[in-house]
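Engineer: Working from the sequences, and respecting the hints, build out all of it.
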Amino acid sequence: MSVASHMPPSRAPAEAVRAQLAHILDGTKLQASPRLRRLLCYLVEETLAGRGEQLNQYRIAIDVFDRNESFDPATDASVRVEAGKLRRSLRLYYLTEGRDDDLQIELVKGSYAPVFTGRVGDEAGSADSSDARGRERDVRPPVLRVDSVRCPDDDPSLAQLAGSLNEELMVALARFSHIRVVREAPGRPDAPCASLIGTLRRCEGAVRFTVRIEEAGSSVQSWADAVDVPLESLDPKAMAERVVARVAEFDGALTRSLMSLATGSSGEDEFTATMLFNHYLRSFTKDAYWQARRALEAAVRSEQESAPLTAMLADVYRGGYVHGFDTDTRLLEQGAELARRSVALDGSCATARLSLAYTRLAEHRNDAAVRQAEFVLGLPSGTARGDAGLVLFLAGERERGLSEIRSSVESLDAFPGWFRHAFFLDRYLGGDFERALEEAEEIGMPQLLWDPLDRAAALGMLGEVDRAGAAIDELLALRPDFEARGHLYVSFFTPQQDVADALFSGLQKAGLAVTRRGVERVPERYPAKPVTRSRVQKRPTTPSA
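If you're matching positions, the sequence shown starts at 1 in our numbering and goes up one per residue.
Keep in mind the hints are simulated off the structure, nothing from the lab.
Keep in mind that the hints are not guaranteed to be accurate.
[Claimed, not checked] Okay, the calculated beta carbon distance ranges per label pair:
hint, residue 1, residue 2, range
1, Ala74, Asp235, 17 to 27 angstroms
2, Thr327, Arg435, 34 to 44 angstroms
3, Asn56, Lys286, 42 to 52 angstroms
4, Arg18, Ala344, 27 to 37 angstroms
5, Gly378, Lys109, 24 to 34 angstroms
Yeah, the Cβ is synthetic: ideal placement off N, Cα and C, and Gly gets one too.
Structural biologist: Right, dumping it as structure tokens:
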């Protein structure tokens, strides 16, 4: 039996380390990034030369990235960003291509000097092995349950593929030695902390494997992705490898969160923050907002160079004001700054690009919003396409936006209720108020502004004043100042003036008096305080297009 042990750099065989370095550089993950390759070579050679303790951001900026002597790490985070990318790339490599390598090169958080880790046999010291085994017995690893892959009942070929894929997933996930991976089995003693759920379906000449991770006993989704494979090249093992590679990129957060769930600790880390953020998006309650905000603020303080976490915090800040959970108008400016920073940290991050896209919508910079959405549509992951489509729709690219949203909805087991807002507007603007009302009633998110607002507008156009009045009461319960500042709130996500005018026409027919203030980008001049509700006289109206 062998265990892993850290070898001090001064005693690690330099030849073995350089051979491992060359092996890593031949891998597919680092080939596409010359900057990361150069950084890794530099850090390894400096450490082998005994200068690891002298490595710092200033030296790396000058020696590796050709910055001049005026470089200031306090204002330029480029070295920290690239080191974070390298750390994640190494972790992914050793969980995929390099899982059988005898020597590991690890970039430990908080240091720029790599650590060399090798496999040492029993002859290296039975006492150490005994201690390690004792520690293993004391700490029970968290449990990840792999549910049976789901597929349509009327597709026997997919059912066979699902069975094979399930086996390959179990094999591939077994490399996560710090997590106990079990099959779906209700009532077993090793209760899972989270579940991995997969679904297969046919999609335009390909098979789409949608996979997500949920906290056990709840519907709180912490991670999701989709893998599309052409019909002519279906290979369960290859599909499983692709999924595990995606999970591996998420692994550090996954492990810490599973450990916190297993031990009952609060664990305000990146995975926990992500779970709470997703819970906030699905509930839009004030409690969920504050839980997500506190967790994300803590996570971003710990992971300052994480683009996804920074983008999520940007969304929470912006949404906190827009949805009425916090009246501090500075949140809009802070959210916009975080959104820009998240893209600067990682321009290929879909979460960051979407956050910036929604920021541009709020600023009424529709062309810029469209560019961000188009970038997201060019990324390999399909799970963000629906939100990108919604941005396109709200920015004026309505047909293209609807097409992307419908494509996303068809591929998902469940989709956010706010996607229905686009379907509602499509019917509403076309004068089909009955169908618009049906879409509004399917939003199913009573804490979200658009839920009662869309229902009230459609009912107003239909002349159903009593039902519209009940929806308006819900709207004003969410935003007591809506009559005075409704145009402002609507403008954050409806920059097209004709759309906003059509919505307010329906609200006015429903019996709500809305003060026209015009559109402001950042409402710093408007203190957030409720105003007295003044409903106009209710009277029957006739539907009009």
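Engineer: Could you run down the list of hints and mark each one as holding or not?
Structural biologist: Hints versus structure:
no.	hint	result
1	Ala74 to Asp235: 17 to 27 angstroms	violated (49 angstroms)
2	Thr327 to Arg435: 34 to 44 angstroms	holds (36 angstroms)
3	Asn56 to Lys286: 42 to 52 angstroms	holds (44 angstroms)
4	Arg18 to Ala344: 27 to 37 angstroms	holds (34 angstroms)
5	Gly378 to Lys109: 24 to 34 angstroms	holds (31 angstroms)
Checked against the numbered hints given earlier, this structure breaks only hint 1.
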